[in-house]
Amino acid sequence: MSYQKVKGTLDFYGESSRKIRYVENKVRNIVKNYGFEEIITPIFEHTEVFVRSVGDSSDIVNKEMYTFTDKSDRSITLRPEGTAAVARCFVENKLYSTPEVKKYFYCGPMFRYERPQAGRYRQFNQFGIEVFGDSSPFLDTEVIVSAYRVFKALGIENIKLKINTIGDFKSRQDYAIALHDYFEKHLDSLCSDCKNRYEKNPMRILDCKVDRNSEVLLNAPKIKDFLTDESKEYFNKILKSLDVLKIPYETDESLVRGLDYYTDTVFEFVISGNSELNGLAICAGGKYAELIKGFGGPDIPGVGYAFGLERIVSVMEKNSLFPNLVNAVDVVIISLDEDSKIESLKIANELRDLGFNIDLDYKNFSFKPQFKLADRDKCKYIMIIGEEERKSGIYTIKDVLNKTEDKLSYDEIVKKLYN
RNA sequence: GCGAACUUGGCGAAGUGGUUAACGCUCCGGAUUGUGGCUCCGGCAUUCGUGGGUUCGAUUCCCAUAGUUCGCCCCA
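First residue of the first sequence: 556, per this note's numbering; consecutive thereafter.
Just so you know, these hints were derived from the structure itself, not from any lab.
Glycine is no exception: its CB is placed at the ideal position from the N, C-alpha and C atoms.
Where hints are given, some of them may not hold.
[Said to hold, decoys possible] Below, simulated EDC-like cross-link-like pairs (lysine to aspartate or glutamate); rule was C-alpha separation at most 16 Å, straight line: (1) Lys970 x Glu905; (2) Lys725 x Glu845; (3) Lys715 x Asp807; (4) Lys707 x Glu579; (5) Lys896 x Asp914; (6) Lys971 x Glu943; (7) Lys792 x Asp723; (8) Lys873 x Glu655; (9) Lys574 x Glu872.
[Unchecked claim] Pair by pair, the computed Cβ-Cβ distance ranges are: (10) Glu808 x Ser627: 45 to 51 Å; (11) Tyr973 x Ser830: 40 to 46 Å; (12) Tyr917 x Ser630: 48 to 54 Å; (13) Arg704 x Ser964: 28 to 34 Å; (14) Glu893 x Glu712: 55 to 61 Å; (15) Lys923 x Gln559: 33 to 39 Å; (16) Asn833 x Asn774: 24 to 30 Å; (17) Ile595 x Leu773: 51 to 57 Å; (18) Glu592 x Lys927: 45 to 51 Å; (19) Lys750 x Asp625: 34 to 40 Å.
Using the sequences and the hints, build the whole thing.
Quick look at the structure:
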């Protein structure tokens with residue numbers, strides 16, 4: 556009997572675990588500059604949390620959630636995204652009770668039942684931020700710029716910021732009516748998915764890739780014609796501030812996003828250039844004015860985004876952006892008999908207390924396998940302990956790089972290691 | 001949910017309806033029992049994802065199933 560991991564999941568070990576943690580730590584550091592604090596919510600929630608926020612016209616809720624009934628007949632769902640849970644936590648714990656803007660980040664696995672393919676898994680890791688408290692275009696800009704700075708810090712350059720506004724509540728209401736009227740006349744020319752979208756949420760039709768370049772879609776009413784003056788001004792202020800900050804962007808009217816809670820600003824960072832990952836979104840987010848209210852909280856807007864960590868890792872791999880992530884061993888201790896083996900354990904732990912990375916072999920008393928270990932560890936020094944060394948207290952230490960060998964006391968070795 | 005390709009040792013990878021399934025890397029042993037990395041010699045798949053069928057005979061052909069990869073949809 557042999558076991559294998561569930562379809563669409565990944566094991567991380569060796570190089571791959573070092574890479575994903577490298578990315579996570581980089582992002583954590585950037586985000587801390589902005590005063591964000593980590594928020595850790597459960598990996599599962601009551602199903603309603605996602606249905607009410609992500610929206611029942613979204614594919615995520617309709618067909619991609621890992622939902623199950625627990626032993627007390629509760630409907631439970633493994634989180635498919637991070638925002639809903641953070642918003643729920645914010646409201647439930649009344650984190651809005653003090654007036655300042657709240658800035659949170661989260662990091663962890665998300666679950667969606669989808670067909671796996673390039674950059675898409677059933678369990679995947681997201682790093683996201685959420686900001687609650689003010690409705691200011693400059694807050695949206697700050698959020699977008701923080702993502703931009705993350706990419707800079709990671710060395711990722713071949714990305715494009717796509718941004719759009721889908722209007723405030725009033726704009727969206729007017730627009731939805733207009734779209735509904737328009738598509739009613741062209742129902743026959745739409746793909747079958749779009750026919751469903753027409754019923755539930757006609758704005759979704761604009762995100763269709765099948766009909767993207769069709770006459771019907773190109774001639775459809777545009778959200779910009781239905782934006783309230785407030786929405787227009789809000790969006791223009793964001794664009795203007797991005798200009799001032801010299802953040803390149805591209806407005807994209809077809810960008811509507813697949814989660815229902817967004818209002819006004821939506822954006823994506825997609826991979827550009829000629830790699831095979833072209834067009835893949837590695838960060839996406841937007842503003843959500845109604846979400847906190849929808850969870851029974853006060854009328855407080857939020858804005859945020861999420862990175863796909865696995866996607867960032869694959870972009871960085873394609874562009875050779877990872878530094879050498881080997882956990883370098885400082886010293887491998889070779890011991891040639893049982894008493895020396897015991898001595899090597901003692902010395903190893905003394906050196907570890909001083910902060911050095913020490914490895915040793917536990918069973919061999921001959922040179923060859925122990926030297927092999929030293930080679931595999933790519934260590935800087937090899938220390939040899941045998942009967943002679945034990946008696947004299949003078950150990951043999953080899954400098955692997957310079958191929959030199961010295962006979963030194965413990966204290967002299969420590970001194971040498973510090974250099 | 002739809003479509004395509006793929007699945008051979010620890011890894012990469014050739015190959016064929018018929019006695020011992022190439023090769024490379026890794027690994028193991030030896031030359032070299034207090035000095036490794038180089039070199040040389042030797043070893044490492046009763047078996048070709050799993051189940052079934054066709055056949056005298058299947059890793060090779062057919063069907064099913066699982067998985068992987070990729071595309072569509074959608075998304076991080």
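Do the hints match the structure? See the list:
1. In summary, the hint linking lysine 970 to glutamate 905 is supported, as the alpha carbons are separated by about 14 Å, within the 16 Å threshold.
2. At roughly 12 Å between alpha-carbon atoms, lysine 725 and glutamate 845 fall within 16 Å of each other, so this suggested pair holds.
3. About 11 Å separates the Cα atoms of lysine 715 and aspartate 807, which keeps this hinted pair within 16 Å; it holds.
4. About 14 Å separates the Cα atoms of lysine 707 and glutamate 579, which keeps this hinted pair within 16 Å; it holds.
5. Note on lysine 896 and aspartate 914: the hinted pairing holds, with a Cα-Cα distance of about 12 Å set against a maximum of 16 Å.
6. For the suggested pair lysine 971 and glutamate 943, the alpha carbons sit about 21 Å apart, so the restraint of at most 16 Å is broken.
7. Among the hinted pairs, lysine 792 with aspartate 723 is consistent with the structure: their alpha-carbon atoms are about 15 Å apart, no more than 16 Å.
8. For the suggested pair lysine 873 and glutamate 655, the alpha carbons sit about 41 Å apart, so the restraint of at most 16 Å is broken.
9. Between lysine 574 and glutamate 872, the direct Cα distance comes to roughly 9 Å. Compliance with the 16 Å bound is thereby established for this hinted pair.
10. A hinted range of 45 to 51 Å for the beta carbons of glutamate 808 and serine 627 is consistent with their spacing of about 47 Å.
11. The hint said 40 to 46 Å for the Cβ distance between tyrosine 973 and serine 830, and at roughly 44 Å that hint holds.
12. For the pair tyrosine 917 and serine 630, the supplied restraint of 48 to 54 Å holds, since their beta-carbon distance comes to about 51 Å.
13. A C-beta distance of roughly 50 Å is found between arginine 704 and serine 964, which places it outside the suggested range of 28 to 34 Å.
14. Our hint of 55 to 61 Å for glutamate 893 and glutamate 712 holds, since their Cβ atoms are close to 56 Å apart.
15. For lysine 923 and glutamine 559, the hinted distance range of 33 to 39 Å is satisfied, since their beta carbons lie about 36 Å from each other.
16. One distance hint, 24 to 30 Å for the beta-carbon pair asparagine 833 and asparagine 774, holds here, with the actual separation near 27 Å.
17. In this structure the supplied range 51 to 57 Å is violated for isoleucine 595 paired with leucine 773, their Cβ-Cβ distance being about 45 Å.
18. In this structure the supplied range 45 to 51 Å holds for glutamate 592 paired with lysine 927, their Cβ-Cβ distance being about 47 Å.
19. The supplied range of 34 to 40 Å is met by lysine 750 and aspartate 625, whose beta-carbon atoms lie about 36 Å from each other.
Comparing the model with each numbered hint stated earlier shows that hints 6, 8, 13, 17 do not hold.
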